[in-house]
Each structure stands twice: as C-alpha cells, then as structure tokens.
Amino acid sequence: MRVIVDWQKCESHGMCELRAPRLFSVSEAGDMTYAFDGRDIPPDLQQDAIAAAAACPVAALRIGREDPNAAT
Amino acid sequence: MTDGIVIVGGSLAAVTAAETLRTEGFDGPVTIISGEAHPPYARPPLSKGLLTGSQQAQDIRLALNTQGVMIRTGIRATALDPERRRVRLADGDQVPYDGLLIATGARARRLTAVGDGALVVRELDDAFVVREAFARAARVAIIGGGFLGMELASAARATGAQVVVIDRAPPLVSQLGPLLARIVTRAARAAGVELRISSELRRLDTSHDGMVLELPGAGRVEADVTVVAAGCQPNVEWLQSASLGGPTGLAVDARCRVAPAIAAAGDVVLAPGAPGAPARRTPHWSSAIEQAEVAAAALVHGDHARVLAPQPYVWTEAFGIELKVAGRLPARGRPRLIEGSLAEPRALLQWSDRGIPNAAVAINYRAPVTRLRRLSRPTAC
Numbered sequence: 003m004r005v006i007v008d009w010q011k012c013e014s015h016g017m018c019e020l021r022a023p024r025l026f027s028v029s030e031a032g033d034m035t036y037a038f039d040g041r042d043i044p045p046d047l048q049q050d051a052i053a054a055a056a057a058c059p060v061a062a063l064r065i066g067r068e069d070p071n072a073a074t
Numbered sequence: 062m063t064d065g066i067v068i069v070g071g072s073l074a075a076v077t078a079a080e081t082l083r084t085e086g087f088d089g090p091v092t093i094i095s096g097e098a099h100p101p102y103a104r105p106p107l108s109k110g111l112l113t114g115s116q117q118a119q120d121i122r123l124a125l126n127t128q129g130v131m132i133r134t135g136i137r138a139t140a141l142d143p144e145r146r147r148v149r150l151a152d153g154d155q156v157p158y159d160g161l162l163i164a165t166g167a168r169a170r171r172l173t174a175v176g177d178g179a180l181v182v183r184e185l186d187d188a189f190v191v192r193e194a195f196a197r198a199a200r201v202a203i204i205g206g207g208f209l210g211m212e213l214a215s216a217a218r219a220t221g222a223q224v225v226v227i228d229r230a231p232p233l234v235s236q237l238g239p240l241l242a243r244i245v246t247r248a249a250r251a252a253g254v255e256l257r258i259s260s261e262l263r264r265l266d267t268s269h270d271g272m273v274l275e276l277p278g279a280g281r282v283e284a285d286v287t288v289v290a291a292g293c294q295p296n297v298e299w300l301q302s303a304s305l306g307g308p309t310g311l312a313v314d315a316r317c318r319v320a321p322a323i324a325a326a327g328d329v330v331l332a333p334g335a336p337g338a339p340a341r342r343t344p345h346w347s348s349a350i351e352q353a354e355v356a357a358a359a360l361v362h363g364d365h366a367r368v369l370a371p372q373p374y375v376w377t378e379a380f381g382i383e384l385k386v387a388g389r390l391p392a393r394g395r396p397r398l399i400e401g402s403l404a405e406p407r408a409l410l411q412w413s414d415r416g417i418p419n420a421a422v423a424i425n426y427r428a429p430v431t432r433l434r435r436l437s438r439p440t441a442c
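Chains G and R, in that order, give the protein sequences.
Residues 3 to 74, numbered by our numbering, are exactly what the first sequence covers, in order.
Residues 62 to 442, numbered by our numbering, are exactly what the second sequence covers, in order.
The set of hints was computed from the structure by calculation and includes no laboratory data.
Glycine included, each C-beta is placed from N, C-alpha and C at the ideal position.
The reader is advised that the hints may include incorrect statements.
Computed footprint of chain G on chain R, listed as stretches where at least three residues anywhere in the stretch have a Cβ under 8 Å from a Cβ of chain G [to be verified]:
#1 158 to 166
#2 222 to 231
#3 345 to 351
Calculated Cβ distances over 12 Å to all of chain G for the following chain R residues [unchecked claim]:
#4 Glu80
#5 Lys109
#6 Leu125
#7 Asp187
#8 Leu276
#9 Pro277
#10 Arg281
#11 Arg342
#12 Val368
#13 Gly381
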C-alpha cells in the first residue's frame, strides 16, 4: 500500500499529521513531509495511512495498492 | 452477533466511522447505507475548488480503503426500530444490526420567504447547478453571510457577476468575531461585492427569470441567480418514530452514544458542550472526524472507549483571504500578533482570556493545524 500525495493540492491543514504523525509531519512553516514517499507502507502503519487520507479536507492524499511505477 | 454494525449516512463521519471500527478491532460486517446517489465525497470543496472549476468530482471522492465494508448508495433510511434493532429503508427493506451508527448529517436550510427558485449548495449535484448558474448570471444574490455564503459570493464574483450578500447581521461576525470578520468583508468590498444588512426579507415577484427581494430599510435586490446559504438542518425526521432526536439535532453522551448499541457522529449530532454550556451542533469537518472516531470506538468498547475531547478547527477561504482557526470562536478582544502583519494581511494571531490562550488563527499564512492548536491552548510550562 502506498499513499500518493498531490502536492499541488496540499494546503498545509495538517489533518494528515494529526491522524498519522508517524507518516506525515508538517513543519512550523507549513511544509508537509511524507515519510514513505515512493515506498510501501509497513502493515502496522496502514490503518494510519487510511485514516490520514480520509481526513485530508482537500483530498490531496490517495491510497494506492500497487506500485504505480511497476511494469505491467 | 452476525448482523454487524450498520452505519446510516454516507459522508465524512460515515467513512471515518467505518475505518475506525476496523482500527478498533471490529472484524464483523460493516454496512454503510447512504441516501445520496454519489459515493462518499468531501463537502468543503463544493463551495471552493469545485465551484471555481479547479477541482473535479473525482478529486473530492472519499475513498473507503478499509476492507470488507459494504456501501449501499441511493437508499434512504425511513425509520428505526431500536427494540428490534432494525433500520427500515425507503424500499421497505429492513436491515438488522447489532450496533448502529447514525451519521445522516444535515440538509441545506431553505427560507420560506424566498421559496422555490433559490439554489442551495450542500450536495455534489447542487455545486454543478450553481457553477453553471454563476457562469450565466449577471447578478447574483447570496442570502446568508456565514462561511458558506461568503465562499459562494467569492466564487460568484470571480466569474465577473455582480454580487450582493444579504444577512441579518454583518457577515461572519457571529462566527469569527469582529476582527476576523472585518478582514474578510473588507476584501469582499474591495472585490466589488455589496453587503446588505436587513432583519427581514421579502420576495416581490414570481418571475422565473430571476428574483426581486425587498429588504426593509435596505432597499431592493434584483438577481438572476439567488443562493440561500442559511445554515443546515439536521436529518432527524427518520428517527421520530423511535423518539430520538429533535429539531436541533440528535443528542449524544460524552462517548457519542444515543442509546444502547446506538452511536452518532457528524452534522446531525448535538454534542455535549463545555461544562455549563448547552449542547450544540458543530457541523464542521474536524468535528465529524472526532465524533466518528469516538462513536465507532464506543460501539466496540462501550464505557472503556475514550470520551469526546473536541479540538475545534475551522477554515475558510474567500476573496483571497484564507483563514485557519483553532480554538474557541468567535474570537473576542485584541489578539497578540505572533508573526506577520495584519496589513497585508498575512499573519499568525493568538487570542487569550486573562492570559490563557484560547484561539489561534493563520491568515494567509502557512501554519499547520498542530501548530495552531498548540497556540490555542495553555502551554505546559
């Protein structure tokens, strides 16, 4: 499972960090960092990822279940 | 215990509750029954990106990523039998449950004085209708100067239409307090939007081509398109036969429970207020999430679940002003300027009462909700 971030949409509300602080952090300046960018999320953090995606008020986070870069 | 948990409602509270049930360890069946035809979506963009066209419907979908949750859309619940633990649907079907989560939300309040012909923005389809109407209109009237009304006015003005906002009191003052309200209304006026205050409203004509409104003491407003943004009304009618809920909402306890095996979350809920304060509805994004998490946990763990500890957060953007507010609103008194400048405006402000912080706002300022919350609370040391 991966979280795909639409950086253009991110408005720095920080709901993602509230719900999933081990995955997302938003700096004092409002810049969001996603700890698993481009990587699969370990099983114990997947519920957090799902919660964070639902909490984003601008729908900037999407859950993807496959590596978007994998050859099909 | 094979009927599982049934969630009535299909928006943010419903989706959050479904996901929380799994997080809290519930493995049984979870069914969402939604009266809307569209699968779950986020409402805040309906008066922002979706109206201006910067977002499309697929951008605002609330995906349900948790396994094993069935969603049935386009079906309304019409009655509840708490004794037999069954929800009756519009098609006559009876859905049994072991646990029930009510998340039926609220609908746009309409004004009898205005009647038919005025638009509202609450559901996805409304936003498309209003977007199209704004594009065609030369003159737009928005009745209601709260968050929604001002966001709609901003979107309408951006299409080049002449816009009038009508309210009983100066826009946004009851929600935000005078200082923050003034920042937005000043920007609205600078954008050429007219603000009219009138305690009464009368519709003068029944022409299908538009509307003429008479505002005693404030003249007349003619509009091609009129939108009512006068708040929302809780969807409690379906609970009447079960003697639950009332015209102001569905009351819940400290764990968002209504009755044994029934919990509730979201815009329909009358949540307990601070000690000494009355219960009230808080129809905002962060409240729906908080209540849904508590309600779902309460269905799974009962009295062992944590109680609701609301941390208010609201945001709005209109006329180039983006406000993010954590803490107690409306803000009163003079705030402390933490960073930035009110002149631009681009600032971080903190309000305190007798030296104790209770609210913080970011005005056109990048500050995450976690920082605003820290600023809106007393510090540890």
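For each hint, the structure was consulted:
no. : hint       : verdict
1   : 158 to 166 : violated (count 0)
2   : 222 to 231 : violated (count 0)
3   : 345 to 351 : holds (count 3)
4   : Glu80      : 5 Å, violated
5   : Lys109     : 9 Å, violated
6   : Leu125     : 8 Å, violated
7   : Asp187     : 18 Å, holds
8   : Leu276     : 34 Å, holds
9   : Pro277     : 39 Å, holds
10  : Arg281     : 38 Å, holds
11  : Arg342     : 19 Å, holds
12  : Val368     : 18 Å, holds
13  : Gly381     : 14 Å, holds
Hints 1, 2, 4, 5 and 6 from the list above are not met by this structure, while the remaining hints are.
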